[in-house]
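For reference, the chains in residue letters:
There are 2 protein chains.
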Amino acid sequence: MQPDFSTLDATLGDHDGYLLDADGTDSTQRYLSGFDAPDPFVTCYTPEGTHLLVSGLEYGRANADARADTVDRLSAYDYRDRVQELGRETGRGAVVADFLAEHGVESVLVPGRFPLGTADGLRGSGVRVEVDESDAVAEIRAVKTDEEIEHVRRTQRANERAMAAAETLIDSASVVDGVLHHEGDSLTSEAVRREIELTLLESGCALDETIVACGADAADPHDRGSGPLRAGEPIVVDIFPRDKETRYHADMTRTFVRGEPSETVREWFELTDEARRAALDAVEPGVTGAAVHDAVCDVYEDAGLPTLRADPDAETGFIHSTGHGVGLDVHELPRIAPDGGELEPGNVVTIEPGLYDPDVGGVRIEDLVVVTEDGYENLTEYPVEL
Amino acid sequence: MQPDFSTLDATLGDHDGYLLDADGTDSTQRYLSGFDAPDPFVTCYTPEGTHLLVSGLEYGRANADARADTVDRLSAYDYRDRVQELGRETGRGAVVADFLAEHGVESVLVPGRFPLGTADGLRGSGVRVEVDESDAVAEIRAVKTDEEIEHVRRTQRANERAMAAAETLIDSASVVDGVLHHEGDSLTSEAVRREIELTLLESGCALDETIVACGADAADPHDRGSGPLRAGEPIVVDIFPRDKETRYHADMTRTFVRGEPSETVREWFELTDEARRAALDAVEPGVTGAAVHDAVCDVYEDAGLPTLRADPDAETGFIHSTGHGVGLDVHELPRIAPDGGELEPGNVVTIEPGLYDPDVGGVRIEDLVVVTEDGYENLTEYPVEL
Chain A
1 MQPDFSTLDA TLGDHDGYLL DADGTDSTQR YLSGFDAPDP FVTCYTPEGT HLLVSGLEYG
61 RANADARADT VDRLSAYDYR DRVQELGRET GRGAVVADFL AEHGVESVLV PGRFPLGTAD
121 GLRGSGVRVE VDESDAVAEI RAVKTDEEIE HVRRTQRANE RAMAAAETLI DSASVVDGVL
181 HHEGDSLTSE AVRREIELTL LESGCALDET IVACGADAAD PHDRGSGPLR AGEPIVVDIF
241 PRDKETRYHA DMTRTFVRGE PSETVREWFE LTDEARRAAL DAVEPGVTGA AVHDAVCDVY
301 EDAGLPTLRA DPDAETGFIH STGHGVGLDV HELPRIAPDG GELEPGNVVT IEPGLYDPDV
361 GGVRIEDLVV VTEDGYENLT EYPVEL
Chain B
1 MQPDFSTLDA TLGDHDGYLL DADGTDSTQR YLSGFDAPDP FVTCYTPEGT HLLVSGLEYG
61 RANADARADT VDRLSAYDYR DRVQELGRET GRGAVVADFL AEHGVESVLV PGRFPLGTAD
121 GLRGSGVRVE VDESDAVAEI RAVKTDEEIE HVRRTQRANE RAMAAAETLI DSASVVDGVL
181 HHEGDSLTSE AVRREIELTL LESGCALDET IVACGADAAD PHDRGSGPLR AGEPIVVDIF
241 PRDKETRYHA DMTRTFVRGE PSETVREWFE LTDEARRAAL DAVEPGVTGA AVHDAVCDVY
301 EDAGLPTLRA DPDAETGFIH STGHGVGLDV HELPRIAPDG GELEPGNVVT IEPGLYDPDV
361 GGVRIEDLVV VTEDGYENLT EYPVEL
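Protein sequence lines correspond, in order, to chains A and B.
The first sequence begins at 1 in full-length UniProt numbering and counts up by one.
The second sequence begins at 1 in full-length UniProt numbering and counts up by one.
Extracted from the complex, chain A is given alone in its bound form (with noise of 0.2 Å):
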């Protein structure tokens, strides 16, 4: 199943061709390509088909894996001696003008972030660039087909297991002083986040950063936690891994306590929770991301806590947005927030409402599903306890 380029033929305008320069890592890249490979090449995306220009050593790989009509090799237009010719920025666009010629192309449209060198190199070679300001592909990339969304199941359910490792480890802990211990040591963010990095990694998923947090720790959103978990204090666990083959990422935050949590905490947990709720129950084809995001404000301030949007000063309480967007990237389209537009079916978005206090800690719940036809599939199978 192909995505709907239509969005994309129809930001073209005038132009003859979406143009990429960027290796595999990029998700536009990626994306566009179907094609992933460690050093820069070149897609041409035309509404007649689309058109690679890789290395020597990835041509074999590139007809082979590539969602591409064609593949050209950077050799068959002399790009070494052009490179020793022009300069290896200049000689690169001089190359990429004489590929786009070869299948028609007069005019680019690129994203942002596509490389100067190349685009002016284009330009010295009568090759019309104009930068997106749409970013028409991130629109695309946000309704995903089938088999994205059993990327991202998949990549959730490596998650689950990293998840059900750390609580494992937390429940499994004992409690001397108030702070957890774990055969004789005391247990550490850290060493909860390294048994979170080895079950990902026996599931062929990386990650880059992974938040285990522990009261004050807790109550800054973006605080990774360092030093021992102590019992009686909410501890964030959020991971957002990415599968090593896919590259499709997953995202689920769960708030554990060992031993007994605060009245405080144990609202907190309560309210997040129904705010959850609301916020899924809000999820549908045609309703808008701020309508999703409105819910949890509404649960939250209906209970007399703080929100940004009840005080856009606020430090205290319900301090972001309730969620993005996951696939290629971690944060991507659409947006759960004051600005998020309109839902459709095939969008993968986290609801992930909390609330935040240096002095009582953070609570966090994070789900993560896809807008169906009729509602919502929620792909995470993790049970919401404090």
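Taking lysine to any residue and the SDA-like style, the derived pairs with C-alpha atoms no more than 25 Å apart in a straight line are:
{"hint": "1", "chain 1": "B", "residue 1": "Lys244", "chain 2": "B", "residue 2": "His331"}
{"hint": "2", "chain 1": "B", "residue 1": "Lys244", "chain 2": "B", "residue 2": "Arg224"}
{"hint": "3", "chain 1": "A", "residue 1": "Lys244", "chain 2": "B", "residue 2": "Leu207"}
{"hint": "4", "chain 1": "B", "residue 1": "Lys244", "chain 2": "B", "residue 2": "Asn63"}
{"hint": "5", "chain 1": "A", "residue 1": "Lys244", "chain 2": "A", "residue 2": "Ile140"}
{"hint": "6", "chain 1": "A", "residue 1": "Lys244", "chain 2": "B", "residue 2": "His222"}
{"hint": "7", "chain 1": "B", "residue 1": "Lys244", "chain 2": "A", "residue 2": "Asp223"}
{"hint": "8", "chain 1": "A", "residue 1": "Lys244", "chain 2": "B", "residue 2": "Glu190"}
{"hint": "9", "chain 1": "B", "residue 1": "Lys244", "chain 2": "A", "residue 2": "Asp36"}
{"hint": "10", "chain 1": "A", "residue 1": "Lys244", "chain 2": "B", "residue 2": "Asp329"}
{"hint": "11", "chain 1": "B", "residue 1": "Lys244", "chain 2": "A", "residue 2": "Ser226"}
{"hint": "12", "chain 1": "A", "residue 1": "Lys244", "chain 2": "B", "residue 2": "Glu202"}
{"hint": "13", "chain 1": "A", "residue 1": "Lys244", "chain 2": "B", "residue 2": "Arg224"}
{"hint": "14", "chain 1": "B", "residue 1": "Lys244", "chain 2": "A", "residue 2": "Thr246"}
{"hint": "15", "chain 1": "B", "residue 1": "Lys244", "chain 2": "A", "residue 2": "Arg242"}
{"hint": "16", "chain 1": "A", "residue 1": "Lys244", "chain 2": "B", "residue 2": "Asp208"}
{"hint": "17", "chain 1": "A", "residue 1": "Lys244", "chain 2": "B", "residue 2": "Arg242"}
{"hint": "18", "chain 1": "B", "residue 1": "Lys244", "chain 2": "A", "residue 2": "Asp23"}
{"hint": "19", "chain 1": "A", "residue 1": "Lys244", "chain 2": "A", "residue 2": "Ala165"}
{"hint": "20", "chain 1": "B", "residue 1": "Lys244", "chain 2": "A", "residue 2": "Asp220"}
{"hint": "21", "chain 1": "A", "residue 1": "Lys244", "chain 2": "B", "residue 2": "Thr188"}
{"hint": "22", "chain 1": "B", "residue 1": "Lys244", "chain 2": "A", "residue 2": "Glu190"}
{"hint": "23", "chain 1": "B", "residue 1": "Lys244", "chain 2": "A", "residue 2": "Ala191"}
{"hint": "24", "chain 1": "B", "residue 1": "Lys244", "chain 2": "A", "residue 2": "Ser27"}
{"hint": "25", "chain 1": "B", "residue 1": "Lys244", "chain 2": "B", "residue 2": "Asp36"}
{"hint": "26", "chain 1": "A", "residue 1": "Lys244", "chain 2": "B", "residue 2": "Glu209"}
{"hint": "27", "chain 1": "B", "residue 1": "Lys244", "chain 2": "B", "residue 2": "Asp65"}
Residues on chain A that point at chain B, a partial pick, calculated with CB under 8 Å:
{"hint": "28", "residue": "Val110"}
{"hint": "29", "residue": "Phe114"}
{"hint": "30", "residue": "Gly117"}
{"hint": "31", "residue": "Asp120"}
Hints are computed from structural coordinates only; laboratory data are not their basis.
By construction, the Cβ of each residue, glycine as well, lies at the ideal position given by its N, Cα and C atoms.
Here the structure of chain A is known, so what remains is to put chain B in place on it, guided by the hints.
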């Protein structure tokens, strides 16, 4: 100890500064700013000082961590309003133009992969933007400070622990019908790779790829290897991890044989070790990378084996270059290859001769060394044994 930026100052010519707009995974950005952030930020190097422009979220950390004389916030230049008014890309360019004006910069040199959106916005605001065809920062990065050498050394220590784990696994395997077995299953490239990854993770290192290649797989220097490992055939293990904290890489290869190697493999191993020692003997300041590469070719050709130097179409024998620089990137300057220039104290380079033939397999030995005032210091403490 600061790097020597005089090459960059000379390259600037009549430009006022060298400008970057990239995130912390970009090695040039990381090097010039000394700062790591997940989203793109702006660094302007001038001979008088280095200026950063970051989001409010990164402001505190940038002030504490970055190698910068000043740190500005996007909001100080009305970022939100400008983007709303002019569009995401042009707006960013206009804001960066104001930031440059604030620091008296009217004309900048940028790397070839500088984002076109920002460049067009800058040019529209009257700033002169030119691409640096020489890649001056790459030349500077090739000469490491003592601190950088210590970073690489630390990563190589972790690498040695990973290599030892791989060797132990291969060494302790049982042999059933010519195939290595571990805990009842056949021992595969994938299993050894996982053991390497787990060991590196414990040492705070990450890596995207590792080569564990046996038999015909090992005859292709770029094959990562797959499937069961066999006794009597050479197993090439090439590991190039990155320390997650410093982002500096290391690189090492060893070749193992479980059971009895063939006479040819034994000869190839001794010859490759001789080539390694010949290359190391040649390493000193003023000697070119080309001369070091020639020392390797001499050993192989004297033994009657094919090299790319003797036959540019050779498909067996010594079919790659001798080495490359290692630092924030796993492949950087200088080159130990036919086009390699003069070595300087502080260069960190691999020496990795090898021989390949699908009928025999592959043999490669790779050390990582730093060029000193009067020769080299080997950063690799792992024994060289078949």
